[in-house]
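**Student:** So you can see what is in the structure, the chains are spelled out below.
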Amino acid sequence: KAGVTQTPRYLIKTRGQQVTLSCSPISGHRSVSWYQQTPGQGLQFLFEYFSETQRNKGNFPGRFSGRQFSNSRSEMNVSTLELGDSALYLCASSLARGVVTDTQYFGPGTRLTVL
Amino acid sequence: GEDVEQSLFLSVREGDSSVINCTYTDSSSTYLYWYKQEPGAGLQLLTYIFSNMDMKQDQRLTVLLNKKDKHLSLRIADTQTGDSAIYFCADLVDSSYKLIFGSGTRLLVRP
Numbered sequence: 609k610a611g612v613t614q615t616p617r618y619l620i621k622t623r624g625q626q627v628t629l630s631c632s633p634i635s636g637h638r639s640v641s642w643y644q645q646t647p648g649q650g651l652q653f654l655f656e657y658f659s660e661t662q663r664n665k666g667n668f669p670g671r672f673s674g675r676q677f678s679n680s681r682s683e684m685n686v687s688t689l690e691l692g693d694s695a696l697y698l699c700a701s702s703l704a705r706g707v708v709t710d711t712q713y714f715g716p717g718t719r720l721t722v723l
Numbered sequence: 202g203e204d205v206e207q208s209l210f211l212s213v214r215e216g217d218s219s220v221i222n223c224t225y226t227d228s229s230s231t232y233l234y235w236y237k238q239e240p241g242a243g244l245q246l247l248t249y250i251f252s253n254m255d256m257k258q259d260q261r262l263t264v265l266l267n268k269k270d271k272h273l274s275l276r277i278a279d280t281q282t283g284d285s286a287i288y289f290c291a292d293l294v295d296s297s298y299k300l301i302f303g304s305g306t307r308l309l310v311r312p
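These protein sequence lines are chains Y and U, in that order.
Be aware that the first sequence starts at 609, since it is given in my numbering, and climbs by one per residue.
Be aware that the second sequence starts at 202, since it is given in my numbering, and climbs by one per residue.
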């Protein structure tokens, strides 16, 4: 079974631009979560989607947004990029069979560099 | 709020056992996880433990959970150079479907 895939793997943008990152979950998984990883802040939760609905959001500004499609694929968008948005963005998928989200499996990440 | 803490660095000799420790604050933890991250890569799930368990063994990996002290540990037996990586402890916050991660422990295995 294929794992979580993320595209693109690397991205270079300039301040003020916007960017869209894509995540395809493991087949059959319905929940997709996004995390930001930086040397200073570590791994921080961005948001989680299930059945095309955002169930929870972390403490990030409104410039960070996401969506999920009917096939469970997800995209996240960052508008008006700032230097501090440079990070590894990780996507995780899980089956989400019930009330408690089960094990999250991570993709390889998208490395975003903002110049 | 919920918090997870880990020591930053551990160095062991090849063939020895490694023990990575983690403490958490969440009183309603259901699952606790260990992930491994190699340079330039995403997070690889190593193992997890349900909160009503004290111990879980999976080949070379042993997870111990002391729920009273909110302490979790990962023991790697017969540590190999390929085990050199950053290890993250993570707590699943039941009410919000998110993982709270520790800062990661960098494990260096010396030949």
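Be a bit skeptical, because a hint or two may be false.
A few chain U residues facing chain Y, derived, Cβ under 10 Å [unchecked claim]:
1. GLY303
2. LEU308
3. LEU309
4. ARG311
5. PRO312
Label pairs and their computed distance ranges (CB to CB) [what the hints assert, rightly or not]:
6. U:ASP279 <-> Y:ARG719: 32 to 42 Å
7. U:THR226 <-> Y:LEU619: 43 to 53 Å
8. Y:THR721 <-> U:ASP204: 36 to 46 Å
9. U:LEU246 <-> Y:ARG663: 41 to 51 Å
10. Y:LEU619 <-> U:ASP270: 16 to 26 Å
11. Y:GLY670 <-> U:ASP204: 39 to 49 Å
12. U:PRO240 <-> Y:PRO616: 33 to 43 Å
13. Y:THR613 <-> U:ARG261: 26 to 36 Å
14. U:SER228 <-> Y:GLN625: 38 to 48 Å
15. U:ASP217 <-> Y:ARG671: 40 to 50 Å
16. U:GLN258 <-> Y:GLN626: 20 to 30 Å
17. U:ASP279 <-> Y:THR622: 47 to 57 Å
18. Y:LEU691 <-> U:SER229: 31 to 41 Å
19. Y:THR615 <-> U:SER304: 25 to 35 Å
Hint data in this document are derived by calculation from the structure and do not stem from the laboratory.
Ideal placement from N, C-alpha and C gives every residue a C-beta, glycine not left out.
**Student:** Run every hint past the structure and note whether it holds.
**Tutor:** Hints and how they fare:
1. With a cut of 10 Å, the hint placing GLY303 of chain U at the interface with chain Y holds, because the nearest CB-to-CB distance is about 8 Å.
2. The interface hint given for LEU308 of chain U is broken, as the beta carbon of that residue sits about 17 Å from the closest beta carbon of chain Y, more than 10 Å.
3. Among the interface hints, the one on LEU309 of chain U is violated; its C-beta lies about 18 Å from the nearest C-beta in chain Y, farther than the 10 Å criterion.
4. The beta carbon of ARG311 of chain U comes no nearer than 24 Å to any beta carbon in chain Y, farther than 10 Å, and the hint placing it at the interface is violated.
5. The criterion of a C-beta within 10 Å of any C-beta in chain Y is not met by PRO312 of chain U, whose closest approach is roughly 27 Å, and the hint is violated.
6. In this structure, ASP279 of chain U and ARG719 of chain Y meet the distance hint of 32 to 42 Å, their C-beta atoms being roughly 33 Å apart.
7. A hinted range of 43 to 53 Å is violated for the C-beta pair THR226 of chain U and LEU619 of chain Y, which are about 35 Å apart.
8. At about 29 Å, the beta-carbon gap between THR721 of chain Y and ASP204 of chain U misses the expected band of 36 to 46 Å.
9. Distance hint for LEU246 of chain U and ARG663 of chain Y: a CB-CB separation of about 21 Å, inconsistent with the stated range 41 to 51 Å.
10. Between LEU619 of chain Y and ASP270 of chain U the Cβ separation comes to about 43 Å, which falls outside the hinted range of 16 to 26 Å.
11. Roughly 25 Å separates the CB atoms of GLY670 of chain Y and ASP204 of chain U, a value that falls outside the hinted 39 to 49 Å.
12. Against the hinted window of 33 to 43 Å, the Cβ-Cβ separation of PRO240 of chain U and PRO616 of chain Y comes to about 19 Å, which falls outside the hint.
13. Distance hint check: the CB atoms of THR613 of chain Y and ARG261 of chain U are about 29 Å apart, consistent with the given range 26 to 36 Å.
14. Against the hinted window of 38 to 48 Å, the Cβ-Cβ separation of SER228 of chain U and GLN625 of chain Y comes to about 43 Å, which satisfies the hint.
15. Between ASP217 of chain U and ARG671 of chain Y the Cβ separation comes to about 47 Å, which falls inside the hinted range of 40 to 50 Å.
16. At roughly 47 Å, the beta carbons of GLN258 of chain U and GLN626 of chain Y sit outside the given window of 20 to 30 Å.
17. Range check, ASP279 of chain U to THR622 of chain Y: Cβ separation about 48 Å, and the 47 to 57 Å hint holds.
18. In this structure, LEU691 of chain Y and SER229 of chain U meet the distance hint of 31 to 41 Å, their C-beta atoms being roughly 37 Å apart.
19. One distance hint, 25 to 35 Å for the beta-carbon pair THR615 of chain Y and SER304 of chain U, holds here, with the actual separation near 28 Å.
The structure fails hints 2, 3, 4, 5, 7, 8, 9, 10, 11, 12, 16 (numbered hints given earlier, in ascending order).
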